[in-house]
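Protein sequences appear in the order of chains A and B.
Numbering-wise (the working numbering), the first sequence opens with residue 2 and increments by one.
Numbering-wise (the working numbering), the second sequence opens with residue 2 and increments by one.
Just so you know, these hints were derived from the structure itself, not from any lab.
You may find that some hints are simply not true.
It does not matter which identical chain is used: a pair holds within one copy or between any two.
[What the hints assert, rightly or not] Derived pair list, reagent style DSS-like, types lysine-lysine, alpha-carbon separation capped at 30 angstroms: (1) LYS46 with LYS268; (2) LYS240 with LYS104; (3) LYS268 with LYS99; (4) LYS268 with LYS104.
There are 2 protein chains.
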Amino acid sequence: MDFRQYLAGQQKRVDAELDRLVPPETAPPETIHRAMRYSLFAGGKRIRPLLCLEAARCVAGPAEGAVAAACSLELIHTYSLIHDDLPALDNDDYRRGKLTCHKMFGEAMAILAGDALLTLAFRVLATLDGVSDQARVRMIAELSEASGTAGGMIGGQVADLEGEGRPPTAALLESIHRAKTGALLRASVRLGAIHGGADAGQYQALSAYGEHIGLAFQIVDDVLDVEQSSEALGKTAGKDAQQRKITFPAVYGLAESKRMARQEWEKAGQALDGFGERAQRLRELAELIVSRTA
Amino acid sequence: MDFRQYLAGQQKRVDAELDRLVPPETAPPETIHRAMRYSLFAGGKRIRPLLCLEAARCVAGPAEGAVAAACSLELIHTYSLIHDDLPALDNDDYRRGKLTCHKMFGEAMAILAGDALLTLAFRVLATLDGVSDQARVRMIAELSEASGTAGGMIGGQVADLEGEGRPPTAALLESIHRAKTGALLRASVRLGAIHGGADAGQYQALSAYGEHIGLAFQIVDDVLDVEQSSEALGKTAGKDAQQRKITFPAVYGLAESKRMARQEWEKAGQALDGFGERAQRLRELAELIVSRTA
C-alpha cells in the first residue's frame with residue numbers, strides 16, 4: 002500500500018475511534034459535546050496518533066488495540082489548540098481554515114471544552130482494553146509529564162509567552178520548543194512503545210526518534226509561519242514575527258533553519274536503524290513532517 | 002483530640018503534601034508555578050482531601066499513604082475554581098477574600114495554571130506510592146469521570162451556565178448539582194475507599210455518604226449566597242439571584258432548603274452506621290459541611 006493510501010486509512014481509523022470515545026452531540030449537556038467534536042473533527046492530520054500506532058507496530062507488529070491510546074494524544078493536542086487560540090492567549094479566529102472553538106461557541110464553552118478533552122484523555126488511558134494496569138499507569142504518567150509544566154507542553158507555552166520580545170538565544174529557543182511541541186511528540190511514540198511492550202533499548206531508540214522529529218516539526222512550523230500565506234496555513238501567518246516570538250528563523254535565519262530540519266530528520270531515521278523494515282512508516286511520517294507545507 | 006485540633010492538624014498535613022507535589026516557585030517557568038501555588042494556598046478548607054483521608058481510615062485504619070491521593074482532589078478543585086472565576090465564566094475578582102488568579106497573574110496565566118493543576122492531579126495518582134497499579138487505575142478512572150462532562154463536574158458547570166434564566170425545576174436543579182459539586186465530593190470518599198482497599202459493601206456505603214454530603218454541601222452553598230454578606234463569604238454574595246441561577250432557595254424557598262440540608266446530613270450519617278466509631282470524623286466533617294457559614 003502506498004503511503005497516501007495508508008495515511009488516509011489510518012486517519013479514518015483514528016477518527017472512528019475518536020467518535021466512539023467522545024460522547025455524542027445528543028448527550029447532555031449537548032453544547033459541550035458539540036464544541037469538543039467541532040474542534041476534534043476540524044481536519045487535523047492525526048500525526049500524534051499515527052506516531053503512537055507506528056511505534057507500537059515497531060515493537061509488536063500490527064497493534065489493533067493501540068488506537069484508543071493513540072487517540073488520547075489527539076485529545077490532549079486538541080485541548081491545547083483550543084486554549085492557545087483563546088483571546089487571552091494567541092487570540093486566533095481561524096484554525097485549519099475554520100473558525101476557532103471560542104469563535105463558534107463562545108469563550109466559556111471553549112475553556113470548558115478544552116478542560117473536558119484534557120480530562121477525557123486520562124479517562125481513555127485508565128480504561129484502555131487489552132493492556133496491563135502497569136502499562137496504563139506508565140502511559141498516564143508519561144502523558145501527564147509531557148503535558149505539564151516541568152519540561153512539558155504547558156511549561157513550553159508559558160516560556161514561549163514570556164519569551165516574546167526577549168533577545169532570541171539558541172538555548173532559550175531549544176528549551177521552549179523541546180517542551181512546547183517536542184514533549185508531546187516524544188510521548189506519542191513512547192505511548193506506542195509502552196503499549197507494544199518495548200524493551201529498554203527499543204524504548205530509548207523510539208524516544209530518540211521522537212525527540213528528533215519533535216525538533217524538526219517545530220523548525221518547519223516556524224519556517225512555514227514566515228514563508229506561507231494565511232490561506233495555505235489555514236491560520237494567521239506571520240504572527241511569530243509580529244509577536245516577536247523566539248523562532249528558529251529569528252535565531253538562525255531561514256536557510257540554516259531548513260538545513261537543521263533536514264538534519265533532525267536524518268537523525269530521526271538513524272535512531273530507527275535497529276527496527277529495519279518495520280519502521281518504514283515511521284520513516285515516512287518523519288518525511289511527511291519535514292516536507293509539509295501547512 | 003477535639004475536632005478543631007484534628008482539622009487544623011490534617012489541613013497542615015495536606016498543605017505540606019501539596020507543597021511537596023507542586024514544583025517550587027523557583028522552578029522554571031516560575032510564573033506558572035507561582036500562579037498554581039497562589040490559588041492552591043489561598044486558604045481552602047481542604048474538605049475533599051479530608052473526606053478522602055477519612056474514608057481510607059474507615060476501611061484501613063490510619064492511612065498515611067493516602068495523603069497524596071487526597072491532594073489530587075484539591076488539585077482538581079482548585080483548577081475548577083480558577084477557570085470558573087475567569088471573566089468568560091463567573092467573572093469573579095475575589096475568592097476567599099483574595100484576588101482571583103486571573104486578577105493577580107492575568108487571564109492567560111490563569112487558564113494555563115488551571116490546565117496545569119488538572120494535568121498534575123493525574124500525574125500524582127499515576128505515581129502514587131504504596132498502592133497497586135490496579136488501585137491507581139481505578140482512582141484515575143473515578144477522578145476523570147467525576148471531573149468530566151457526563152454527570153461530572155464540567156457537565157454540571159455547563160448545565161448550570163445554560164440553566165441561567167430557565168424555569169427552575171426540581172429535576173434540573175438536582176441534576177446540575179449532583180454533577181457540579183456532588184460528583185467530586187463523592188469521588189473524594191471513593192478515592193479514599195479504593196486506597197484503603199474497601200470491599201463492595203464498604204465502597205457502596207461510603208459512596209452513599211458522599212452523595213448525601215454532596216447534596217447537603219450544595220444546598221448550604223446556595224443558602225449562604227442568599228443569606229451571607231460578600232465579606233463573610235470572601236467572594237461576591239447574591240450572584241446566584243442576579244444571574245438567575247437555578248438554586249435550592251429559588252426552587253424550594255429558604256426554610257425548606259435548610260430542612261433539606263439537615264435531612265441529607267442525617268442520611269449521610271446513616272450510611273456510615275456499619276463503620277461504628279471509625280467513621281466519627283466523617284460524621285464530624287458532615288456536620289462541618291451543613292453548619293458552615295462561609
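Within, between, both or neither: LYS240, LYS104 at alpha-carbon 30 angstroms: both (19 angstroms within a copy, 27 angstroms between copies)
Since the copies are identical, ignore which copy is meant and state whether LYS268 and LYS99 lie within 30 angstroms (CA to CA) inside a copy, between copies, both or neither. Cα proximity of LYS268 and LYS99: none, with 35 angstroms in one copy and 51 angstroms across.
First find the shortest C-alpha distance between LYS46 and LYS268 inside one copy, then the shortest across copies, and answer within, between, both or neither for a cut-off of 30 angstroms. Cα proximity of LYS46 and LYS268: one copy only (23 angstroms, versus 52 angstroms across).
Between LYS268 and LYS104, at a C-alpha cutoff of 30 angstroms, which is it: within one copy, between copies, both, or neither? Close neither inside one copy (40 angstroms) nor across copies (46 angstroms); limit 30 angstroms.
When each numbered hint is compared with the structure, violations occur for hints 3 and 4.
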